[in-house]
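**Student:** Chain residues, written in single-letter form:
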Amino acid sequence: MTASRQSPLARAFAHRSFVIGFALVVLVATIALLSFFWTPYDVTRLVVADRMQPPSRAHWFGTDQFGRDVLSMIMVGARNSIAVALVAVGIGMGVGVPLGCWAAARGGWVDEALMRFNDVVFAFPALLSAIMITAIFGPGAVNAIIAIGIFNIPVFARVARAGALALWPREFVLAARAAGKGPTLITVEHILPNIATILLVQVTIQFALGILAEAGLSYVGLGAQPPMPSWGRMLFDAQPRMIVAPYLALFPGMAIAITVLGLNLLGDGLTDMFDPKLRQQR
Amino acid sequence: MNLLQIEGLKLAIGGTPILRGIDLCVAPGETVALVGESGSGKSMTALTVMRLLPEGAEAQGRVHFDGQDILAASEAQMCALRGDDIGMVFQEPMTALNPIKTIGEQVAEGIRQHTGASRADAEGRARTILARVGLPEQKFPLTRYPHELSGGQRQRVVIAIACALKPKLLIADEPTTALDVVMQAQILDLLRELVVENRMGLLLISHDLAVVAEMADRTVIMRHGEVMEDGETVRVLSEQTHPYTRQLAQASMHVPVRKAASPSRFVSTLGEPAAARPTPSSPLGANVKRPDEGGTNRPPDEGGTNRPTPLLTVENLVRDYPGRRRSPFSPPQAVRAVDGVSFAMLPGESVALVGRSGCGKSTLARMILALDAPTSGCIVFNGMTLTGQRESALRAARRHMQVVFQDPYGSFDPRQKVERLVAEPLHLLDRAPTTSEKREMVADALHQVGLSSADMAKYPHEFSGGQRQRLSIARAIILRPRLIVADEPVSALDVSIRSQILDLFADLNQRLGVAYLFITHDLTVARAITDTVMVMQDGRIVEYGATASVLDFPNSVAGRELVAAAPDLRRAVARRLREQG
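So the sequence lines, in the order shown, correspond to chains A and S.
Heads up: the first sequence is residues 1 to 282, going by my numbering.
Heads up: the second sequence is residues 1 to 581, going by my numbering.
Calculated directly from the structure, the hints in this document are not laboratory data.
Please note that the accuracy of each hint is not assured.
To be verified - Some chain S residues near chain A, calculated using beta-carbon distances under 8 Å:
| no. | residue |
| --- | --- |
| 1 | Leu-149 |
| 2 | Leu-369 |
| 3 | Arg-395 |
| 4 | Ser-411 |
| 5 | Arg-415 |
| 6 | His-427 |
| 7 | Asp-430 |
No residue lacks a Cβ here, since even glycine has one placed at the ideal position from N, Cα and C.
Work out the full structure, taking the sequences as your base and the hints as a guide.
**Tutor:** In structure tokens, the structure reads:
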């Protein structure tokens, strides 16, 4: 009881997995932002003399087969991963949430048609279809974003619709209707603020999946193109050299793992905080 | 020797004291009522006996059941007690049953667990107990699911589960609060019989003194986690020596002071309530049984010139819902929720729409509020036809009608502040008011309902149930509507709060001249603040007339049933005093 009186912020920072997740995500985001202004070395300059160096004081994470600094590449790669995942989640939310809200508000055949279309999109394995899309439209960061974004749409549409459907029969929505407010206004004023928390949790999940999807796409060569470094491509390049230079795979792999772990912990923390039932049990 | 003996029970949850030294005992075969308003700790007392307290609760004191120390018992010992020696019935029959198990399974489950009986054996016993609680197998096979039963029938299943093993003590926590009065009377009768049959102790938790007066041998009145008074029910309720008992009793019988609606205002020259007069296009004979047909009330005078224009006219209103399909390809069978309803209401008139749950009252209210479209029929409000209009055309009508819902918790968006919530209907004004005008109107509305303008910056969860209902009323009156539809506006409130809200309704009716359509199954509410009563049954209006005459001398079967079942504190105490001699 007393816990619920605390401000949401104070409550959030009393939650362990939220704090750890938040810290990891902030760390990755800071590194990505920092890479715009400063990296230890220029990632586009190839210094063949320094190739394949193990981690040292000059190159903390070592260098790759072209003598590029791995730390610098991971920093720039973070920027790429985050940008792709962020925009893809943005596309998914921007299209999916309005569709879901519309389906819930309108009901009837609109609802039916939208949700069946969703089912169709869902029926394709997301990564395979993303590969298909990039195969058709050509590889590149932009197409990767679009491909991942499209598969976020039905996820957000479903979550938004489910949340909105539970709210529409509530009395405060009836009262708003009695006040002459139309479906759009009610959705903006009452529905969206009340489903914001479940959407936020979904964002952290989709964000993590987006990072993984981007890594997967660039691993098979369909993501960001060289010379732009990306985590997935770094893993791909490290694969044949696993025995001689395991650090080449270790660091980008850890970068992916830490980012995804951070986002998942953040999502867990948010779920716990927003779900009063779980909160009581903890 | 007492069955249940509680001495000096103290309970704190997370450091907040909930109970401060409760003494209570229940003897075998005795019915003890635990009465109090919300937050008095009555449910927590029951949960302590069951040891079903929430996490972080700390209990001190002595709780002895049948010679066993409950507070010291292990979880395994408690599991053996729960459902076997102590049964419990909860308030909400909708959530107390598992929706994906049949009623037979749910009753048999407890029997098998506690007695180790075989499946067939347990099923046989389940059959017997279900028949005992009024669900004979011929009509209610064991394979029914909870959603196929009405609220009262579900509560019977819950009672069957609780009583299947003939417990020594039954704890019933507001067992009838979620039911309408007719079902309430039936469930109370059943509980009374089971107590006598099994010589069970019954701990009945209730906020309703009238129910208690009919049921309990002894009454314990609680407030703020303390026992205020403990004694024989008849003595406690007839003498009312304790000031808090008196306060509760008065609140539950409270009738707001209102200028008795002068008969001349509502009664036409023919001597019948004009408002209740049927509209010409809907001849009464179709579905309304007149109280005294052919008697003093002659058919309405169509050309009557003295009649004021009605505020609301409802003609032959029908609403069908799609029901079950018999096969995947056949069209769904329609369920008729409202079946040819016609009536009219005058400006400033207060009308009660009473009936049992599921009779179609709420559907009717929604259609009047243009939140639901009728299948056929016509609604004219304030000179404008509502049926078949586009939403944009309804704005003018919506300005003049507002709504107050039953649940003061569900009727506000939890994420908005009071200022925005109460200002919601201002959306209907043609010219959007400026921020300062808006604030002024909200402040005025809050003032009208007895709240202060400082409350504007708060969130709804910062208010108590009664205050929230005031907020709900503030939102309804901010545009000075001509009609407020109130769907069970006080049934979720404590008696003392309830009397205040009824006063507020009566007061606003006088000051602002707003007409009310009160939807309720509680006849004391109808009696307290309405001029006219309509009794609804199976989607039809079966009786109407001046409130006092309908409630004192009901003519329809449905009306008589409601009046007979309605608990009445004064009558119950008088009857029990007579019985005692």
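**Student:** If a hint holds in the structure, say so; if it doesn't, say that too.
**Tutor:** Quick rundown of the hints versus the structure:
{"no.": "1", "hint": "Leu-149", "in the structure": "22 Å, violated"}
{"no.": "2", "hint": "Leu-369", "in the structure": "5 Å, holds"}
{"no.": "3", "hint": "Arg-395", "in the structure": "5 Å, holds"}
{"no.": "4", "hint": "Ser-411", "in the structure": "4 Å, holds"}
{"no.": "5", "hint": "Arg-415", "in the structure": "4 Å, holds"}
{"no.": "6", "hint": "His-427", "in the structure": "5 Å, holds"}
{"no.": "7", "hint": "Asp-430", "in the structure": "11 Å, violated"}
Consistency with the previously given hints fails for numbers 1, 7, ordered from lowest to highest.
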